[in-house]
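Protein chains: 2
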Amino acid sequence: MKPLDGIKILDLTRILSGPFCTMILGDMGAEVIKLEPYPAGDDSRGNPPFLKEESMYYVSLNRNKRSVVVNLKEQVGKDLFKKMVKDVDVVIENFKPGAMTKLGLNYDVLKELNSRLIYCAVSGFGQTGPYSERAAYDSVIQAMGGIMSVTGQPGGIPTRVGTSIGDITAGLFAAIGILGALRVRELTGKGQMIDISMLDCLVAIVEGQIARYFGTGVVPKPVGNRHATATPFDLFKTKDGHIIVAVQNNVMWEKFCKVINAAQLFVDPRFVTNATRCDNEAALKSILEPILQQKTTEEWIPLFVEGGVACGPLNNIADIVKDPHILAREMIVDVPNHAKLGTVKYPGVPIKYSDTKCSIERPAPILGQHSEEILREFSCSEEEIKSLKEIGIIK
Amino acid sequence: MKPLDGIKILDLTRILSGPFCTMILGDMGAEVIKLEPYPAGDDSRGNPPFLKEESMYYVSLNRNKRSVVVNLKEQVGKDLFKKMVKDVDVVIENFKPGAMTKLGLNYDVLKELNSRLIYCAVSGFGQTGPYSERAAYDSVIQAMGGIMSVTGQPGGIPTRVGTSIGDITAGLFAAIGILGALRVRELTGKGQMIDISMLDCLVAIVEGQIARYFGTGVVPKPVGNRHATATPFDLFKTKDGHIIVAVQNNVMWEKFCKVINAAQLFVDPRFVTNATRCDNEAALKSILEPILQQKTTEEWIPLFVEGGVACGPLNNIADIVKDPHILAREMIVDVPNHAKLGTVKYPGVPIKYSDTKCSIERPAPILGQHSEEILREFSCSEEEIKSLKEIGIIK
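Chains A and Z are the protein sequences, given in the same order.
Take any residue in the first sequence, count from 1 to its spot, add 1059: that is its number in our numbering.
Take any residue in the second sequence, count from 1 to its spot, add 1059: that is its number in our numbering.
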C-alpha cells in the first residue's frame, strides 16, 4: 500500500507551485486527476524545451497524474466539474484569487456539493491582504520575500535562487496543509479550505535571517559561499572545477592540514584557532587556493573523505544524474510508457518509507490522454462522452 | 482544534533540518517534546547571535516545543527514553546514520517497545548508499545537489542559496513523510521508519533543471536574475534600491511602456515582440536603467501596480518584517512568555486553514525548562525525578 491510497484529487493547477504539490501527493499514492483547461491544457505545455513536441517542463512536474480536458467556461463543463467534485477528496487550484468565484466554482459553492471536500488554493500573495490580487511570478516573490537579499556574492548584486524556490516551497507547504486537513477530516468528517501564499512560505523559510535581524538589528546581506563563523569553510577552485571543504574546529583543521600536506599551516600563528583563521581568512585563502588547484576535484574528494574532512564536489546537473550515491538512492529513475516519449527519466521520491512505498507509476500524460476513461469513472455514458466532445466541452 | 491534536512527538533533533520539521508539526498542534542531550542541550544553543545569553538561532526554530534534558549515554537515561517511547506517536532524530545504533536505541529496538511508533531519521545523505556515513553540512549538500550550480550571476561563480535550503527542504519533506505515515497507521495500526536525506531532497527540487538537461543535453548554468525567455523580466536599479518587473508578452509590454512614459519604445522595431526584445536585451536594459533610476522603488511600485505590470520591490529582511501585506497575513507575530526574553517575534505559520487553526502557543524553551513536568507526565514520581537529577541523568 501507499500512504495516500484511496485519496482522489481533482487538480486544476498549472505551471509549477500546484503541480509540484500534486506530484508529491501522487508519488504518495493519491489518484491525481489533472483537469486541464479546454482546449490547450496547462499553460506550461507551451514551456520549452520540447521533445517530440512535448514540453519537458510539463512532463517533469506531472508524473503520476492522468489528464482530462474540460471547458469550465461553459455551463455544461461547470456541471461536469460539479459532478466530479461530489466524488473526490481534494480540489486544488493555483489561479489568481477570484478566478474560481468568476467561474461560479469557488469553495463556498463546492462545499455545498461535498461537505468532506478539502479545497486548497495556492497563489502568489494568498486570498487575503492588500496585495492579494496582484500578479505574481516566482522572481517577484523571491525579490519581495527576502531570500534574494541574502543570496549572492558578498558586496555583489542580490541574486535569484536558480530554482523557482517560491513555487516549490509553496507546493511543499500545500502538501503539508492537505495532509493535515485529511487528518482533521478523519476526526470530524468535515473538509475545509486551505489558503497557501508563495510569499508567506518564503517568509517562513528565512526564519533564521529574521531571528538574526530581531536579535541584532543588523540587516542580513548576501553571504556568498563562505561560512560566516568558520574557516576554511568555502568553495575553492581545483585543477578542473571546484570543491567545498568544511572545517569547523581545530580537530578538523589538523586533519585538513594533513590531507593537503601542509603541517606548517597548522602551527602558523595566524591560523592556530578558528577565530584567528577567520581574522586572516583572505591570507589563508590565498595560500590554500594554489594548493587545491594542484589536483582535480575527483582526486581531492577521496583524500579528504579518508582524512575525515567534510567536503563535496560542486556538482552540475550532468554530474548529479550519474552520481553513484544519488543513483543508489533511486533518486534518478526510469519511468516507462509515456505516450510519445517512451521511457522518461525522473528525479525519484525523497520520502523513503520502510514499509509502504512511494513510487512513480506513470510518466506525465499527453493532453487529454485519459479524458474518456476518467469520465467513465465518474459515470458518464459513452453517448454523453461523445456529445461532450462534439460540443467542445471535453477533449 | 488543530490538525495534529493528540499526536505526541519525541524530538531528538538538533540544529536545523529536524527542528524545522518538528516546528511545522508543532505549529499544526502536535505536542513536541524536545529531548536535548545532557548537559548542554541542542548544539545550536551555542550558535550566535545571542540575546540575554539565549541563541536566537535556537529560539527561532524551537517554538511550540517543550525541553527535557536527558543523558542518553547512561543506562538509566536510556531506560527513561524507552519508557517515553512507549507512549509517543513519533520519534525523530537527525544524527549521522549509526549513532542511534551505537546508543542501542535504533528503530529495530524501539519498534519492539511500540509497534505503532513512527520513526523518522533525517541525515545529509540518508541511511543507505555509498556516502551514507559522510559528514554533511548544508553548504556541502548545496554544492553536491546541483542547486549551487544554477544559482549566481551569469558567467559568475556558482553561489550558495542564502538560506540553508538543504536543511529546510529536508525538514519539509520529513513533515510530509510523517503525515503520510500517520495516515498509514490510521489504516493499518502500524508504525514504520522514514529515511530522509538532504541530498535526495535537493535533487527533488532541481526537477526542472534535470528535465531540461535530459531534454536538451545542455548543462544548466547560473541564470542570474533575468528570465531566460521573456524581456524585460529582470531586477533593475531604482533611485534608492531595486525593483523587479515582469513583462511576459506584448500586452504587458504596452502597459509597461505607458507606465514609464516611453511610447517610443513600444514602436521601436528592436522591441516589437518578446523575441526581438530578448535578442536586443542589452540595448533595452541600457535604455530602461536610467529611466527606472529616476524614481524610488516606493514611487515606482504603485505606478506599475496600477498600470497592470507585475512588479515587486527587492525587500531585505528589515523590509519584510514591516511589510503591510506580510503583517496582514500574520506572517510576523508576537509570542509572549519566553522564560528569559519575554515576547519574541516569529514568522507566522504559512498554512492558513478556514476551520482548524495552526498557531504558535509558546516561544522556544530554555534548556530543560519542562524537564520535571514532562517526566511527571510520563509517570515519574517526585522521588525518581529528584534522584535522576542528582545522578546526572536529567537537568
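Please note that a few of the clues may not be correct.
Chain copies aren't distinguished; within one or between two, either way the pair holds.
[Stated by the list, open to error] EDC-like, lysine to aspartate or glutamate: derived pairs with alpha carbons at most 20 Å apart:
no. : residue 1 : residue 2
1   : LYS1145   : GLU1266
2   : LYS1404   : GLU1266
3   : LYS1155   : GLU1365
4   : LYS1416   : ASP1167
5   : LYS1317   : ASP1327
6   : LYS1280   : ASP1299
7   : LYS1067   : ASP1138
8   : LYS1067   : GLU1245
9   : LYS1399   : GLU1436
10  : LYS1381   : ASP1102
11  : LYS1137   : GLU1436
12  : LYS1381   : GLU1266
13  : LYS1416   : GLU1192
14  : LYS1137   : GLU1432
Keep in mind that the hints were calculated from the coordinates and are not lab data.
What you are looking at is a predicted structure, and each value in this text was computed from that prediction instead of being measured.
What label fits LYS1399 with GLU1436 when the C-alpha limit is 20 Å: within, between, both, or neither? Classified as neither; 24 Å inside a copy, 60 Å across copies.
At 20 Å max between alpha carbons, let me know whether LYS1137 reaches GLU1436 within a copy, between copies, both or neither. Within one copy only: 17 Å inside a chain, 54 Å across chains, cut-off 20 Å.
Intra- versus inter-copy proximity for ASP1138 and LYS1067 (alpha-carbon distance at most 20 Å): within (19 Å within a copy, 44 Å between copies)
Within, between, both or neither: LYS1155, GLU1365 at alpha-carbon 20 Å: between (53 Å within a copy, 17 Å between copies)
Evaluate LYS1067 and GLU1245 at a C-alpha cut-off of 20 Å and name the case that applies: within, between, both or neither. So LYS1067 and GLU1245 pass the 20 Å test inside a copy (15 Å) and across (18 Å) alike.
Can you give me the call for LYS1416 and GLU1192, within, between, both or neither, at a CA distance of at most 20 Å? Classified as neither: same-chain Cα gap 40 Å, cross-chain 24 Å, threshold 20 Å.
Reference check for the pair LYS1404 and GLU1266, CA-CA at most 20 Å: within, between, both, or neither? Result: close only across copies, 10 Å inter versus 35 Å intra.
Cα distance capped at 20 Å. Does LYS1137 pair with GLU1432 within a copy, between copies, both, or neither? within (19 Å within a copy, 56 Å between copies)
Within a copy, between copies, both or neither: which one fits LYS1145 and GLU1266 at a CA-CA cutoff of 20 Å? Close neither inside one copy (40 Å) nor across copies (33 Å); limit 20 Å.
Measure nothing new, just compare the shortest in-copy and cross-copy C-alpha distances for LYS1381 and GLU1266 to 20 Å and report within, between, both or neither. Result: close only across copies, 15 Å inter versus 34 Å intra.
How would you label the pair LYS1280, ASP1299 (within, between, both, or neither) given a Cα cut-off of 20 Å? between (30 Å within a copy, 16 Å between copies)
For LYS1317 vs ASP1327, is the C-alpha pair at or below 20 Å within one copy, between two copies, both, or neither? This pair counts as within: shortest intra-copy Cα distance 14 Å, inter-copy 63 Å.
The structure does not agree with the numbered hints 1, 9, 10, 13 stated previously, though it agrees with the rest.
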